[in-house]
Amino acid sequence: MTGDGNGDVPEIVAGYAGTPETLPAGSPGKDGVLELGFVRIGGRTELSQHRQQPPLQIMRPLYVDPERPDLPVVYLMSTGGGLVQGDRMRLDIDCGPDTSVHLTTQASTKVQRMDTDYATQTVTLRAGAGAFVEYLPEPLIPFGGARLHQRTTVTVDPSATVILGETVLAGRLARDEKHEYDVFASDLEVVRPDGVLLAVDTIRLQPSDGGVTGPAVFGDHDVMGTLYVVTPLAHARALADVLHDAIEGPTDGIEAGVSILPEDCGVWLRVFGTETEAVAAVVRQAWDAARRLLIGVPAPHIRRT
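Take 1 as the starting number for the sequence shown in UniProt numbering and just add one per residue.
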């Protein structure tokens, strides 16, 4: 691992370090920053802190969940056409006590081809006492020649609930581009405020070593979806059973499984498929089932345009 100002970067990514002939890291528009803070005021959650540095930005929070009018939906956006070489993106999101927030992206995250250097994206998310936080971005698509390290650190109070999702595609599937990126590395850590580690998810995908299509990785699938639910609002076994029941049924081309997290702090789902829409449907079914069990309301339909 090596330092990069955005946390440690794995050697398989850092080995591509260099100074692009285009704008290098640190130039205007290359170091995106988004710092958000949420507090509960007058019976609903409000955005209390907002600092953004291009290309990262947000729309104003929208209260569009009919079952939870107190819960804002916040779209995280970039003014660029995706992540390019030398980009260093940092998102810091603090959800205070008793807040309820849904965070998503307006569109898929496209990781462009890179000739020199790499891109990083660091997400730090904190859920305070009694908070209910959903972080469900649209899929990440690594183009041919892309190089990305993504680090996500989630700090969850013992009385808070966090639903965290991610979907990664093998490439631009519509162009029959699959696993032509140089490297995709992802590190997820879920911890308590005192530093106690709850979960770790480490992904290292480097097609040149021939391992990304192995049975323990993508296999013969093109889409990987993940959903974490960390919560004290239901027993982990009961939650796992509910999610398992939700994803049963016709699963043509889908492989999925639900497991209990350490210390019974929650559950996680991993799903593989060949079609983006099919994987998204399974993840949504699990998200909807978790919501109904934990807070008694269904998952809303979030519009992207």
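Derived from the structure by calculation, the hints contain no laboratory data.
Keep in mind that the hints are not guaranteed to be accurate.
[Stated by the list, open to error] In silico EDC-like links for lysine to aspartate or glutamate, alpha-carbon gap of 20 Å or less:
1. Lys178 <-> Asp220
2. Lys110 <-> Asp187
3. Lys178 <-> Asp157
4. Lys178 <-> Asp241
5. Lys110 <-> Asp222
6. Lys178 <-> Asp115
7. Lys178 <-> Asp222
8. Lys110 <-> Glu255
9. Lys178 <-> Asp288
10. Lys110 <-> Glu180
11. Lys110 <-> Glu275
12. Lys110 <-> Asp31
13. Lys110 <-> Glu138
14. Lys110 <-> Asp65
15. Lys110 <-> Asp176
16. Lys178 <-> Glu275
17. Lys178 <-> Asp31
[What the hints assert, rightly or not] Pairwise CB distance ranges (calculated):
18. Gly257 <-> Arg303: 42 to 52 Å
19. Asp245 <-> Gly15: 16 to 26 Å
20. Ala174 <-> Gly257: 37 to 47 Å
21. Gly42 <-> Asp209: 31 to 41 Å
22. Thr104 <-> Thr251: 36 to 46 Å
23. Pro215 <-> Gln52: 40 to 50 Å
24. Ile58 <-> Asp241: 14 to 24 Å
25. Glu189 <-> Asp209: 47 to 57 Å
26. Gly211 <-> Leu173: 18 to 28 Å
27. Met77 <-> Asp245: 45 to 55 Å
28. Arg113 <-> Ser159: 42 to 52 Å
29. Ala174 <-> Ser259: 27 to 37 Å
30. Thr104 <-> Val196: 23 to 33 Å
31. His235 <-> Thr79: 18 to 28 Å
In this text the structure is predicted, and so the values were computed from the model without any measurement.
Idealized CB from N, CA, C, for every residue including glycine.
Hints and how they fare:
1. For the proposed pair Lys178 and Asp220, the alpha carbon gap of about 11 Å is at most 20 Å, so the pair holds.
2. Of the pairs offered as hints, the one joining Lys110 and Asp187 holds, with about 18 Å between alpha carbons and a cut-off of 20 Å not exceeded.
3. For the suggested pair Lys178 and Asp157, the alpha carbons sit about 39 Å apart, so the restraint of at most 20 Å is broken.
4. Between Lys178 and Asp241 the CA atoms are separated by roughly 34 Å; this puts the pair beyond 20 Å, and the hint is violated.
5. Between Lys110 and Asp222 the alpha-carbon distance is near 16 Å, which keeps this suggested pair within the 20 Å criterion.
6. The hinted pair formed by Lys178 and Asp115 meets the criterion: a straight-line CA distance of about 19 Å does not exceed 20 Å.
7. A C-alpha spacing of about 7 Å is found between Lys178 and Asp222, which places the hinted pair at or below 20 Å, so the restraint holds.
8. Straight-line distance between C-alpha atoms of Lys110 and Glu255 comes to about 25 Å, which puts the hinted pair past the 20 Å bound.
9. Proximity of Lys178 to Asp288 is assessed by CA-CA distance (about 30 Å); at most 20 Å being required, the pair is judged violated.
10. For a cut-off of 20 Å, the pair hint linking Lys110 to Glu180 stands: about 14 Å separates their Cα positions.
11. For a cut-off of 20 Å, the pair hint linking Lys110 to Glu275 stands: about 17 Å separates their Cα positions.
12. This hinted pair checks out: Lys110 and Asp31 have alpha carbons roughly 17 Å apart, not beyond 20 Å.
13. With a C-alpha separation of about 10 Å, the suggested pair Lys110 and Glu138 falls inside the 20 Å cut-off, and the hint holds.
14. Restraint check for Lys110 and Asp65: the C-alpha separation of about 27 Å exceeds 20 Å, so the hint is violated.
15. Distance hint between Lys110 and Asp176 is fulfilled; the C-alpha atoms sit about 16 Å from each other, no more than 20 Å.
16. A C-alpha spacing of about 13 Å is found between Lys178 and Glu275, which places the hinted pair at or below 20 Å, so the restraint holds.
17. For the given pair, Lys178 sits about 29 Å from Asp31 by alpha-carbon distance, which is inconsistent with the 20 Å threshold.
18. Our hint of 42 to 52 Å for Gly257 and Arg303 is violated, since their Cβ atoms are close to 30 Å apart.
19. For the pair Asp245 and Gly15, the supplied restraint of 16 to 26 Å is violated, since their beta-carbon distance comes to about 45 Å.
20. A beta carbon spacing of about 28 Å between Ala174 and Gly257 contradicts the range 37 to 47 Å that was offered as a hint.
21. One distance hint, 31 to 41 Å for the beta-carbon pair Gly42 and Asp209, is violated here, with the actual separation near 55 Å.
22. For Thr104 and Thr251, the hinted distance range of 36 to 46 Å is not satisfied, since their beta carbons lie about 25 Å from each other.
23. For the pair Pro215 and Gln52, the beta carbons lie near 42 Å from each other, so the given range of 40 to 50 Å is met.
24. Checking the proposed 14 to 24 Å range against Ile58 and Asp241 shows it is violated: the Cβ atoms sit about 36 Å from each other.
25. Roughly 24 Å separates the CB atoms of Glu189 and Asp209, a value that falls outside the hinted 47 to 57 Å.
26. Checking the proposed 18 to 28 Å range against Gly211 and Leu173 shows it holds: the Cβ atoms sit about 20 Å from each other.
27. Distance hint check for Met77 and Asp245: the Cβ-Cβ separation is about 35 Å, which falls outside the suggested range of 45 to 55 Å.
28. Our hint of 42 to 52 Å for Arg113 and Ser159 holds, since their Cβ atoms are close to 45 Å apart.
29. Judged by the Cβ atoms, the range 27 to 37 Å given for Ala174 and Ser259 holds: they are separated by roughly 32 Å.
30. In this structure the supplied range 23 to 33 Å holds for Thr104 paired with Val196, their Cβ-Cβ distance being about 28 Å.
31. Range check, His235 to Thr79: about 44 Å between beta-carbon atoms, so the 18 to 28 Å window is missed.
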